[in-house]
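Colleague: Required output: the full structure, derived from the provided sequences and hints.
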Amino acid sequence: MTEPTLTEPTLRNAESPPVLDVRGLWKVFGPNPGRAVRSTLSSAELKEQTGCVAAVRDVSFAVRPGEVFVVMGLSGSGKSTLVRCLTRLIEPTAGEVLLDGENIGKADARRLRELRRHRLAMVFQNFGLLPHRCVLDNVGYGLEIRGSAKAERYARAREVLELVGLTGFETYYPDQLSGGMQQRVGLARALAVDPEVLLFDEPFSALDPLIRREMQNEVIRLHHEVGKTMVFITHDLSEALKLGDRILIMRDGELVQLGTPDEVVGAPADDYVKDFVSEVPKAQVLTLRWIMRDPRPDEPLDGPELAPDVVIQDAARSVLQADRPIRVVADGKLLGLVTGTEVIETMTSGDQ
Amino acid sequence: MAVLSLRPRPAVRRWLPAVVIAAWLACWPLLNGRDTLPLAGSDLTSLHRWINARWDTIDNSRSGNPFFHYFIGAIRTGLDAAVTFAQALISQPSFGRPVPVLGWLGVVAVATAIAFLYANLRMALLTAASFVAFGVLGLWQQSMDTLSITLVAVTCSLAIGIPLGIWAGVSDRFDRVVTPVLDIMQTMPTFVYLAPLTLFFLIGPASATIATMIYAIPPCIRLTSHGIREVSPATLEASTSLGATEWQSLRKVRLPLAKQAMVVGINQTMMAALSMVTIAALIDSPGLGQTVYQTLQKMDIGTAFNGGLALVIMAIMLDRVTSAASRRVERTRRAGRLRSSAYRRWKRPAALTVAAVLCYLSYTYVWAAVFPTLGDTSSYVPRAAAATSAWVQNHLAGFTGALKNLLTYGMLNPFESLLTGTPWWLALVVAVSVAALLVGFRTAAIVAVGLVLLVVLGLWQDSMVTLASTLVATFLVMVLGLFFGVWMGRSDRVDTLLRPLLDAGQTMPAFVYLVPVLGLFGATRFTAIIAAVAYAAPASIKLVAEGIRAVAPAAVEAATSAGSTVGQLIFKVQLPMARRAVTLATSQGLIYVLAMVVVGGMVGAGALGYDVVAGFSQTALRGKGLAAGVSIVVLGLMLDRVMRAVAHRVELAAHGPADRGADGGH
Ligand SMILES: Nc1ncnc2c1ncn2[C@@H]1O[C@H](COP(=O)(O)OP(=O)(O)OP(=O)(O)O)[C@@H](O)[C@H]1O
Ligand SMILES: [Mg+2]
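Here the protein sequences line up with chains A and B, keeping their order. Take the first sequence: its letter number 288 is residue 288 in the numbering used here, and every next letter is one higher. For the numbering used here, add 1000 to where a residue sits in the second sequence, where the first one is 1.
Quick caveat, the hints were computed from the structure, so don't treat them as lab data. Errors might be hidden in some of the hints.
[Unchecked claim] In silico lysine-lysine, DSS-like type, Cα no more than 27 Å apart, as pairs:
#1 B/K1347 / B/K1259
#2 B/K1252 / A/K150
#3 A/K228 / A/K150
#4 A/K106 / A/K228
#5 A/K150 / B/K1259
[As the list claims (entries may be wrong)] Negatives, chain A to chain B, calculated, CB over 10 Å:
#6 R35
#7 S60
#8 E144
#9 A149
#10 L210
#11 K228
#12 E263
#13 A269
#14 R289
#15 V329
#16 D331
#17 G336
#18 T348
[Said to hold, decoys possible] Heads up, incomplete: computed chain B residues facing chain A, CB under 7 Å, no partners named:
#19 A1234
#20 S1241
#21 V1253
Just so you know, these numbers come straight off a predicted model, no measurement behind them. Glycine included, each C-beta is placed from N, C-alpha and C at the ideal position.
Modeller: So, in structure tokens, the structure goes:
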């Protein structure tokens, strides 16, 4: 494998307290939004009866420290609204957002600014760069508004620019940069304030596929280097699978499924998710755990051993070359068997 | 409601307006001349006499009344002092010296240095040449007077306009309050502020400055607010997401991004101010306006042309320099980081040093203080202009006379006698019912209120004369606007040829238009109409051209591929699709025309404009002049509202079929 991946340490810090804890979040746009909260009407009925749009309906989740948490859904499913509610760029209609146990909804204007200046930083789909400032001043902006001195701010900005590979472009203006470079500036600006949580709202969807891949790898690399907690919005499933430790799938403002990439692909919660993942080459996402089966009475139990979280595609060669079933073993215990039949089934099923 | 009125009208309603108008024309010979409320030049109604009396009371109580004494008096004294100070610096003998503080050389040096530092070398040369031209034309002092009062007015306008503009940019509520006020300020012909202002601030520089500010502040507020609002919400959100306060976002994001729009605002404010300062000659504002106004009254075309030329030069200079400065805002910002050192190191000090040395010279030596008279340069232009005018009037009289007669007898006279000969109550009935049938009841109500006000103000017949001139001139403007606008919109070559001319035309102070037209046609109503057409046409042509250009190329291509002729393309595709631009061009043209037809009052257009001017010069006519001013406002607002309503209808009608289609689908 040439590309780094985040999917191996799947349940990172599963037991430590969450950084972000979102409980029963609602955002309703329209007249008298409070009335629409907790209604069980479908979105079309709600629109008809109250003239309101429920962009986020009763969403709860917890993001663990150091995790890359991906929110995915089709256009209009409420992803941007959700992520903006986390820093109250959009005021939630109901529900709580706890950052390290502190209720962000209760913070007054000053406290909220403090949180935004030091603990949460956001990267935008359209970059949101300040067109009248050069790269260095863009990256230093977050530090500038919290009052740090010029020399210190420039030093830090240079440091971060080096991290994202933009050294030498300090005096350029945003419109002199390519889209990918602009988003690196956006990324650098968010990193410069050294936040605890990075929020990404579809940061790469305005970029072409090659640059997008490059930027995804960049995020993975940065995640390895600085180890920040990230909430990452995307409508691109392959991006979600590639980056996410866990994936939250939304439809019409509602949470449909929350799980690890292989859970989402292997056990889609409903037809909506199934549709979503139908195009995914399952063999690249699922592990042996998903295709192993109980041994049949007549099968030999002396084949080669493999661990349950080996990705099917990686195991394929050994499985197909072995003349007897592969044993899936964890902690010395036999979990099940895998033969060429199962592997070939998974590898071909994605095409249907 | 809107949806209801979109339903296809019954055929009866469609031809009812025509029936009403036909009935009016049929009645006209019978009722002609009855109840037309005429009022001779020196006659007054009781309302006018009442205003006169109130005015006298105010005049007499001026010193005793604390409001006048402390509030109005303080503003007046302050502004007068500011203008006097500016004049002392550059135009009038001051501080016990026989010459101003800065002589001509010093002024040229300072102005050139400013143009060099804020614009570029070419603009610096243009500035130097313009200032020298003022001297060569023999109008140095008048030009400096105009410049002083313009600068004071612009400074005050910016000091008020920019903060208000920022506020309107940030606060939706304030924006909603201020926008209609600005609309009214800009709809009213400049002329009409003058009378009420002199009531409070007396005749002189203070009134002139305030009148100028009223006219010059709106573009400043609008452009500042527009610049601030234009900042993309995404950029602002990014700033907020990093924890910026409102104030930080304003100072570090919105203001810097609005800077260019603000400099454009300064440009427009300056042009508006210059235009108004000249008109304020009517209330004794000093400077070139006086030169033009006084010589126009004496029909001394040569000298008036001289003054007009100086005004044109000043307008072009101010416009070019401020536009160049606004374009530079962007470039300096970018280059600043890299180039500022060289710039700071020698260019700026060098320019400032040279200017300082020249200032010192002009302070100390007479040759640098008083513009030298080199031979007889100053009478050259007046003589040439007078000779040209005389030649034209002698030799081209056949042509100009024919044009004049054609329009006067063919259009203006019949239309005017129709309007002035109709009994006022019949005019009211006809106008209100046509408005109700064609536009809607709200508009009909506005028309009714407007016309009744005109009756009450006692100047019905004068109002009808002005209305006739305005409508005829607007018609001519639209003929020109459609012809040249379509041509410009369809041909890039014509566009590049005409646009600079139109731009130049739009920067001229209104007053200037009167001079050459007067030279060609002498003092008649017709002169005012032609001046108004010349004044209003550039804006309308440009609007139509923009509308034609905005028509989707795909639609034009489709029509062409379907085999349309050029005529079909224009009349069936481009003009219908540009109808919004065309209605806008008409309403803009109407407002401009009204403003100018009124100014034409002083060169023979008579009617309301004349009443206003007479009010300034004769105490007994002050009340009537004020009533005439109010009548102009009523006419302007009424026409403006009607045009807006019509434009709205046109818009609805254009989208109507689509709406109905959507309704039908359900
Ligand atoms: N300010 C607003 N007022 C009213 N409705 C809104 C507003 N913002 C968003 N919505 C509605 O909320 C819903 C969710 O919008 P949102 O922008 O969060 O979707 P999204 O998942 O981010 O979509 P995309 O992938 O296109 O960015 C949409 O139906 C949208 O119309
Ligand atoms: Mg979005």
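Colleague: Checking each numbered hint in turn, tell me which of them this model violates, lowest number first.
Modeller: 8
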